[in-house]
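Novice: So the sequences go chain by chain: B and G. Under the working numbering, the first sequence has 236 at position 236, and the numbering climbs by one with no breaks. Under the working numbering, the second sequence has 1055 at position 149, and the numbering climbs by one with no breaks.
Keep in mind that the hints were calculated from the coordinates and are not lab data. Since this is a predicted model, take the numbers as computed values, not measurements. Glycine included, C-beta positions come from ideal geometry on N, C-alpha and C. A hint or two may mislead.
[Stated by the list, open to error] Derived Cβ-Cβ restraints for the label pairs, each shown as a range:
1) B:Ser855 to G:Lys1279: 31 to 41 Å
2) G:Thr1149 to B:Ser510: 52 to 62 Å
3) B:Pro705 to G:Gly1409: 18 to 28 Å
4) B:Asn238 to G:His1593: 35 to 45 Å
5) G:Asp1349 to B:Glu461: 44 to 54 Å
6) G:Asp1725 to B:Glu757: 23 to 33 Å
[What the hints assert, rightly or not] With a straight-line cut-off of 20 Å between C-alpha atoms, the simulated EDC-like cross-links for lysine to aspartate or glutamate are:
7) B:Lys678 to G:Glu1743
8) B:Lys678 to G:Glu1410
9) B:Lys136 to B:Asp126
10) G:Lys1583 to G:Asp1520
11) G:Lys1584 to B:Asp511
12) G:Lys1750 to B:Glu848
13) G:Lys1584 to B:Glu841
14) G:Lys1583 to B:Asp785
15) B:Lys222 to B:Asp281
16) G:Lys1357 to G:Asp1431
17) G:Lys1583 to B:Glu512
18) B:Lys678 to G:Asp1417
19) B:Lys561 to B:Glu582
20) G:Lys1583 to B:Asp511
21) G:Lys1657 to B:Glu36
22) G:Lys1750 to B:Glu841
23) B:Lys844 to G:Glu1743
24) G:Lys1750 to B:Asp599
25) B:Lys751 to G:Asp1725
26) B:Lys844 to G:Asp1691
27) G:Lys1655 to B:Asp819
28) B:Lys437 to B:Glu461
29) B:Lys749 to G:Asp1725
30) B:Lys677 to G:Asp1520
31) B:Lys677 to G:Glu1410
If you want the building blocks of each chain, they are given just below.
Number of protein chains: 2
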Amino acid sequence: MSLTSQRSKVNSSKINEATSSWVYSFGNGKADGSAEMRNLLGGKGANLAEMCNLGLPVPPGFTVSTDVCTYYYSHDRVFPNDLSDQIDAQLILIEDSVGARFGDFNNPLLVSVRSGSRASMPGMMDTVLNLGLNDKTVEGLANKSGDSRFAYDSYRRFIQMFGDVVMGVDHYLFEESLESLKLGRGITLDTELSAEDLQHLVESYKNIIIAELDKPFPQDPKQQLWDAIAAVFGSWMNQRAITYRRLHEIPAGWGTAVNIQAMVFGNMGNDCATGVAFTRDPSTGENVFYGEYLCNAQGEDVVAGIRTPQHLTLAGREANGSKLPSMEEVMPDVFRQLADVRSMLEIHYKDMQDIEFTVQKGKLYMLQTRTGKRTAAAAVRIAVDMVDEGLIDQVDAINRVDPVQIEQLLHPRLDPNAIRNVLTRALPASPGAASGKIVFSADIAEDMSQKGEDVILVRIETSPEDIHGMHAARAILTTRGGMTSHAAVVARGMGRPCVAGAGEILINYSDEVMSIGGRNFSAGDLITIDGGKGEVIEGSVPTIEPEVSGGFARLMEWADKVRKMKVRANAETPADVMVAKEFGAEGIGLCRTEHMFFDPERIVAVRQMIMADDEAGRRDALHELLPFQRNDFQEIFRVMSGLPVTIRLLDPPLHEFLPHSDEEINEVAKASGKDPKKMRDVAARLHESNPMLGHRGCRLGISYPEIYEMQAKAIFEAAITVSSESGKSVIPEIMIPLAATKTELDILKNKIDSVAELVFASLGKKISYTVGTMIELPRAALRADELAEIADFFSFGTNDLTQTTFGISRDDAASFLPDYQHYGILEVDPFVTIDVEGVGELIKMAVERGRSSCSDIKLGICGEHGGDPASVHFCHRLGLDYVSCSPYRVPIARLAAAQASTVKDE
Amino acid sequence: MSLTSQRSKVNSSKINEATSSWVYSFGNGKADGSAEMRNLLGGKGANLAEMCNLGLPVPPGFTVSTDVCTYYYSHDRVFPNDLSDQIDAQLILIEDSVGARFGDFNNPLLVSVRSGSRASMPGMMDTVLNLGLNDKTVEGLANKSGDSRFAYDSYRRFIQMFGDVVMGVDHYLFEESLESLKLGRGITLDTELSAEDLQHLVESYKNIIIAELDKPFPQDPKQQLWDAIAAVFGSWMNQRAITYRRLHEIPAGWGTAVNIQAMVFGNMGNDCATGVAFTRDPSTGENVFYGEYLCNAQGEDVVAGIRTPQHLTLAGREANGSKLPSMEEVMPDVFRQLADVRSMLEIHYKDMQDIEFTVQKGKLYMLQTRTGKRTAAAAVRIAVDMVDEGLIDQVDAINRVDPVQIEQLLHPRLDPNAIRNVLTRALPASPGAASGKIVFSADIAEDMSQKGEDVILVRIETSPEDIHGMHAARAILTTRGGMTSHAAVVARGMGRPCVAGAGEILINYSDEVMSIGGRNFSAGDLITIDGGKGEVIEGSVPTIEPEVSGGFARLMEWADKVRKMKVRANAETPADVMVAKEFGAEGIGLCRTEHMFFDPERIVAVRQMIMADDEAGRRDALHELLPFQRNDFQEIFRVMSGLPVTIRLLDPPLHEFLPHSDEEINEVAKASGKDPKKMRDVAARLHESNPMLGHRGCRLGISYPEIYEMQAKAIFEAAITVSSESGKSVIPEIMIPLAATKTELDILKNKIDSVAELVFASLGKKISYTVGTMIELPRAALRADELAEIADFFSFGTNDLTQTTFGISRDDAASFLPDYQHYGILEVDPFVTIDVEGVGELIKMAVERGRSSCSDIKLGICGEHGGDPASVHFCHRLGLDYVSCSPYRVPIARLAAAQASTVKDE
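Next comes chain B alone, as it looks inside the complex (with noise of 0.2 Å):
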């Protein structure tokens, strides 16, 4: 299936093959690529190229360009007719530059095949070493080295990784041999194998091979060598390849060059070592050379752990009060030569680079750069210090650091070198770690954190009236429920970690016990919770604090000023408000009244509210609650002092705030002297089949319109005491939830209007205000043109927009999603990252319509999308005028849309 459709894309790539050159060569200071010609070489064949092209030593060799993996896959698996003429001839420069012949059985020329496609990318063949060895070339490597051990070392090695990775003979059962051979001879490393053992073991590996395949290892170097090409042609369409693809969004069609390159040795004495370095420190960002080396040895060791390596820095080994000596001191040398190269190559990329090298019988050679990986807080100061060393310009820095990570710099994060006892992994639903003992109820978790006890909310699912509980609690652990499930939008909100949708885990609440693999672990037992990576972990884990550096506020503030949206935040107590605000939220973008409704002194009011007979009983109720709501609204305007405040007029189903299992009815009715037996019937009257579908926003208005207008008291109330007390104006933008047609917002904003002439009228006082709606449903964005006609503002609610476009409960979605993931049929989750194709579009139209028929309509999104750069990104392609997320994410958001607003051709 995906191979057809991914050869119908191949096809599609037109090769005129006459004219073609199919190969690139590098080496001696010259190359025919460079940096530039990513989409052709792959990104390391270009950046060896273009090292080439610096002038800095690399083995010689060529690479096999993009353009004959994609001939290749279009002409059914068969090389261009003018490849191999082509390739001998690049052999041959190499032969001429090394002075060694491939498959010359007294000075043989080995080479490494390695495959680079324009995007790193895993599951692929990576690499072939030591290519050109055979039964002859072996003893002509020998003799030449003069090292017989490291000669049949090198051959095992090749046949075992030619073996598995081109040949595709089970690794485990080269490994089984050695491990045999170890065994019989006594020993427990490989380095105490002897020459003879080595040549012992190439014997053995040949049998296998046979054993396996029924035909012999490739005894001609030229053999090997296209098998190789094959191979790693053949590995870009492997499952996980495809796969990855799919996930990445990366056409079969770029397809993989491949790397074939002189090998140089590291492991031919001490004149020789290996070693991997960063430009600068890759944890901190710090201006200093990071790396390790190791002497005499090959790169494979300094991963494997066999070694110790050593640091190639004075100041760093002293910094690390390490006994072995480092590079700078063991080859001063060729340690400046590497230090000249690694300011060269910044002065070049102008960012910071990993690098590998190799450094054979005292000459140095380059075999690798690239931009190198780096923690947020590395990004942060990596790209403010450039900026100011001059190296690149605001815009740069900005672009220098991924909005994503600086996550981390907010939230305390467990100790990386601490022990882990993961329990389980789950959804990451909010990033940040804690530690604390397991509580299954708010109410508990409520009581222990106010005798200072650090707790982890353990639930099923978290429903509004758990927000007290959350609160309290250091983190949220959930069994049921995705990304943006409850547990995990209020957690993100609140700044708590929470990891969600842990399916493996079961709770039973009567026993207090929740089993996860058998393992019990009861209320009072401590567990760590990593938000930002999904796991349960067993105890306590020590946590890093998190620190945000002066360079942090710098970068943001160029952020802010390249900027075109705004960015405002969700929130609406007013702590969450206060870190909004601090974090550099530009207004409330959603502050949900339900969540004022749950609050111990207000919920007997809002139940007695429900269950009251007419409308008069409603009224009563409400007119209890009003002064409530009314204060909540003023601490947030005198918190956010002028900046506006979106406010959604109430909006799940009313059930939600009654009591759900009989025993709870039962304790609610006797603590409010109702009849149980009524508050039964009346929940059982309002259960729904579908609540997220039911009787909820805007049709709570329209059914029970005194509701939104003891709210709209409320907000015209507050305002105005607000603004009079502060000199400043408040302009409240009310927004009416899940409107599907123009009729409903008629009938609601005239209702608003009326109260908003009646306050004024009492109060003496007159002051400005928008009414708006949210378009979270497919119809809404249909019918924006109409809905325009009397909404001052649209703000975009992704969450339940995508839950009805794709028909997926955001909280029954974690049954299946991970199959879609698994299966490619989602690339990435839409309740994290708008779905552009199908979502967007309803987005795109309702923002093309609504602007139709009124052209300054104030637009904006409130879903938890706000605070996704990709979604972002989104909604500044599409002008929107402000994007709104949770207060934790409000600095991602800052950062995401500044980087939108510096994209060209867009």
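Following the hints, put chain G in place on chain B, whose structure we already have.
Specialist: Here is chain G on its own, set in the frame of chain B:
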């Protein structure tokens, strides 16, 4: 709010005041207008003019056109300047014609003032009679008629009517005064009041008006006339009229006309009479003259039931065994004249007419003619007869019958003459009527029905596990859910009457009691369900069995000749499939496979499959289900013998197949030898907050491919078996539900194709088949171009598409849809008629995009809307290939599709 928007529409209609003629005369055998001028003159005015043009005797008068109304509302309720002169001129024409003067003390002209808009519209001011009477002219009338009682009775009636509808005085005040007079005089009938009594009453009435309005009853006839005209126009904008227009999509800009006509009196002696008649029998359609009259009476007496109306014809009198003489006997000359009018009108209008007439002193006057309302049976008979009579052609006949009405012909209905004690009214979810004993569970329904009892299944809501009980019951009543709830959809499919969403009823399953408005009904109590009216009735009510005439078959034949779209049925049981075929279904558009999973023989295996720990366990259980499914499909293929059958793969979430309450779980677990705890755990794990948006549809096929593999296998094996035994080709259409992305289809189609290959290889025979998808999510509609690259057909699942586009759960909508219809937010229930503006746009988009990538893709609709005439018209306009609906709606869809294809200029 609505006034503003309606005002703006009014504004948009441009009227050129200078050249307008505002009034149109009729009478004396000629008229300015005609029947074609309905838009300008309203229905009543146009037909009065037409009758004049036909030379029929119509009292002279004139029509104030709808343009005046439009002018009035676009000029702040001011009349055109020249209207007054034009009306004066018209009055003179009437005066000359009847020989009386408006306002003349001795010989006063009296007129009637009646509204008349383009479409018949209740809620508007209807009629003021006897206008022109005042304290002086009443004396003139008394003298001229020689009947002072008649004169004063006319005057007091006039004051009451005018006071009520024109001046806005509560009519009960007048009635109170009348009653108190009768009480004082010790009489009970109005007719016993003397002329003096009535004269007193006139004084009381005038005093009431002064007391209420602080101004006198207007004595100036001109003033009366202008007030009445203004009142007619005013009533165009009253709330009831506005709501009615919104509900029936009548633009406010149409306006109303006003008809002013000389009064004629049927109550001036025994040579006077008044009556109403239909040109054919409106109940049966028989071609006989059918009507009632009263001698010496006024129109309202016929209606008021004070005297028993007499038959028009001798035949009618004899057929009803009436002793009272017919008009044919009493006034043979006038009757003959009337019979001639009847013929003339039928030939002229080519349709059955509903007429009103008055005989004044031996002279016949026609007061109204309009198209007569009729029963479904009459509509069919009249249409077919008129074709035979050469009055109309077949296409006319097709358009003469309302498709919705013919549903009456296919179901039993309650005897219209029986007394109904209606307990509550709710949604008319499935037509037909039945009486039976209340039962509260499907199992008991089945038991009792096997013992020969008629039962009514009463449930809060139904689910697939109630199917056997629904089959067993005579009718179904639910307290929750809308027109497309499970109960409604299934009941319609089975042809069972159903009332759904009866929220006033509270059910207590454990006590087996339901209560309505404080009254309790227990299991075993008799109730009656009228599914066509949505009524729940106490006790048993006699029903009338349906009878389908030969005329109906001929009409349907004509319909089949002209329609463009095919009509299929949604059915899965062999019985339903048979019914569908008999009703003319040309294929199965939706065969739901899940209904087959609930059979007691199978549900054990289904639950075993759900409870299995791994794929192997699921495959074992599915292996047991395979023969059942295969047999199901064989039976359907046999019945449909070669007609297409679209089979939808499993759609509902798996938890629907598990028992729900703890007791049920224990019971089921015990019976099937399973661990109840494990079953509870599985049920808890599968529980969903919003099952409608959950792990269902093709998401099941992705997570558990073995389920769809088994179903595909059963389909292919069944198709090969039946095509081998019948020699006819069987082409199954396999439908994948709930797709949102191309990749889902890609993966599942491949799976189905692989199964096909395996079955074909093992049975040694190949058949053709197609694989398509439902379009039931907004995202699927938006990405239809991609889906059409894989799918052979699209079937629009408009139920789910409506749920997701509107964000409304059909199961929960009953709580607010009534409010929404009341406020005119939804003009029609979107689950009944496709919401063309929202859902319809998505369908249109999907049709266009689907065809853009696959021009010959087969397109159909299989939601409940497939049986709704308005929706069928919409599907026709989009050029769909077929509609599919429940079996009993197939004839409706056939007729509606035929009507759609006769519509021009769309």
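Novice: Which numbered conditions among the earlier hints are violated in the structure presented, ordered from lowest to highest?
Specialist: 1, 5, 7, 9, 13, 14, 15, 21, 24, 30
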